[in-house]
Structures are given as structure tokens and as C-alpha cells.
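Engineer: Sequence:
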Amino acid sequence: MEDMAVGRKFAVALAAAALTAGLGVATAPGATAAAPAATAASTGVRTTADCSVHSDGKLWCGNKAGAKAYADRSYGSAVRGSLRTTYSWFACWGHGDPHPGGNDIWYWTQTDDGPWGNVPAVDVSTSVDPAPGLRQC
29 MEDMAVGRKF AVALAAAALT AGLGVATAPG ATAAAPAATA ASTGVRTTAD
79 CSVHSDGKLW CGNKAGAKAY ADRSYGSAVR GSLRTTYSWF ACWGHGDPHP
129 GGNDIWYWTQ TDDGPWGNVP AVDVSTSVDP APGLRQC
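With my numbering as the guide, the letters of the sequence shown map in order to residues 29 to 165.
Hints listed in this document are in silico derivations from the structure and should not be mistaken for laboratory results.
Don't be surprised by glycine CBs; every beta carbon is placed ideally from N, CA and C.
One or more of the hints may lead you astray.
[To be verified] Within a straight-line C-alpha distance of at most 20 Å, the following computed DMTMM-like cross-link-like pairs (lysine to aspartate or glutamate) qualify:
| id | residue 1 | residue 2 |
| --- | --- | --- |
| 1 | Lys96 | Asp125 |
| 2 | Lys96 | Asp157 |
| 3 | Lys96 | Asp140 |
| 4 | Lys96 | Asp141 |
| 5 | Lys96 | Asp132 |
| 6 | Lys86 | Asp140 |
| 7 | Lys86 | Asp157 |
| 8 | Lys86 | Asp141 |
[Unchecked claim] Distance windows between CB atoms, simulated:
| id | residue 1 | residue 2 | range |
| --- | --- | --- | --- |
| 9 | Gln164 | Tyr103 | 19 to 25 Å |
| 10 | Ser155 | Ala106 | 17 to 23 Å |
| 11 | Asn131 | Asp78 | 17 to 23 Å |
Input sequences plus hints: build the corresponding full structure.
Structural biologist: Rendered as C-alpha cells:
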């Protein structure tokens, strides 16, 4: 009987810990935290509550998991790395080859692998390209 009570207490504690972790952690003012997000099933691109240029001058926005970053603003150039996370920052934008997103905007960022590269706007969850307030490069 006592073992059952301990087991129930453990299960309740485990559930409470999981719930607490799921609610997130508060951050200090000025700290950067990933915004809540939902995946757009049809495109694989994550949409977020926050896709904007922050005070650091970078665009913080959802992106397609596994998005490739290219050496040049062209699918024909070498792949430099990828974005394994679905919320990233982008330093600037530039014109390049057209892509399936219906424009020729590419965003410059450091990949999760380390090297810098160009990500086509179709893989970034912006509502308009180029993202307002982000500098051109």
C-alpha cells in the first residue's frame, strides 16, 4: 500500500515537472527567447508570433527545419550548412536567383553548422520580403 502511495506521488511530481517545463521560463528584459510557434504543415515552414527585426539589428524569425544555406544566392551554388532549428536570426538580405517563394530575396545568416550562407526567403516565415527594417547586404 505504501509503495502505491509513493508511486502516485512520483507520478504527480513527474507530471508537474513536465507541465512546468511546457509552460516555459521567464527571461530577463532584453534577453532573447524563442517565440511560441506552430508549424505550417503544408510548407514545413514554422510561423512564429515574433518575426521581426530586434534591437540587435537582426531578423529573428521562424524557418523551415533543415533549410539549406548556400554560398551564393542561388540553388546552383555550394551548400554551406543548414538550419536545424526552426527559429533563427538573419543579419541582412539581398537579391539573388528567383525561388519557389515567388521572389528573389535571400537572407544571410550563420548556419547551425557554423559557416555563413544565404537562405532563400521561401524557407523563412516572413510575411513580406524583404523583412521590413532589416538592412540590405
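Engineer: State for each hint whether it applies.
Structural biologist: Tested hints:
For the suggested pair Lys96 and Asp125, the alpha carbons sit about 15 Å apart, so the restraint of at most 20 Å is met. Pair hint Lys96 plus Asp157 holds up; C-alpha atoms about 18 Å apart against a cutoff of 20 Å. Between Lys96 and Asp140, the direct Cα distance comes to roughly 10 Å. Compliance with the 20 Å bound is thereby established for this hinted pair. For a cut-off of 20 Å, the pair hint linking Lys96 to Asp141 stands: about 11 Å separates their Cα positions.
Taken as a hint, the Lys96 and Asp132 pair is honoured in the structure, with Cα atoms around 16 Å apart against an allowance of 20 Å. Proximity of Lys86 to Asp140 is assessed by CA-CA distance (about 16 Å); at most 20 Å being required, the pair is judged to hold. As the CA atoms of Lys86 and Asp157 are separated by approximately 15 Å, the hinted pair is consistent with the 20 Å bound. For the suggested pair Lys86 and Asp141, the alpha carbons sit about 19 Å apart, so the restraint of at most 20 Å is met.
A beta carbon spacing of about 21 Å between Gln164 and Tyr103 agrees with the range 19 to 25 Å that was offered as a hint. The supplied range of 17 to 23 Å is broken by Ser155 and Ala106, whose beta-carbon atoms lie about 30 Å from each other. Here the CB-CB span from Asn131 to Asp78 is close to 22 Å, well matched to the stated 17 to 23 Å.
Checked against the numbered hints above, the structure violates only hint 10.
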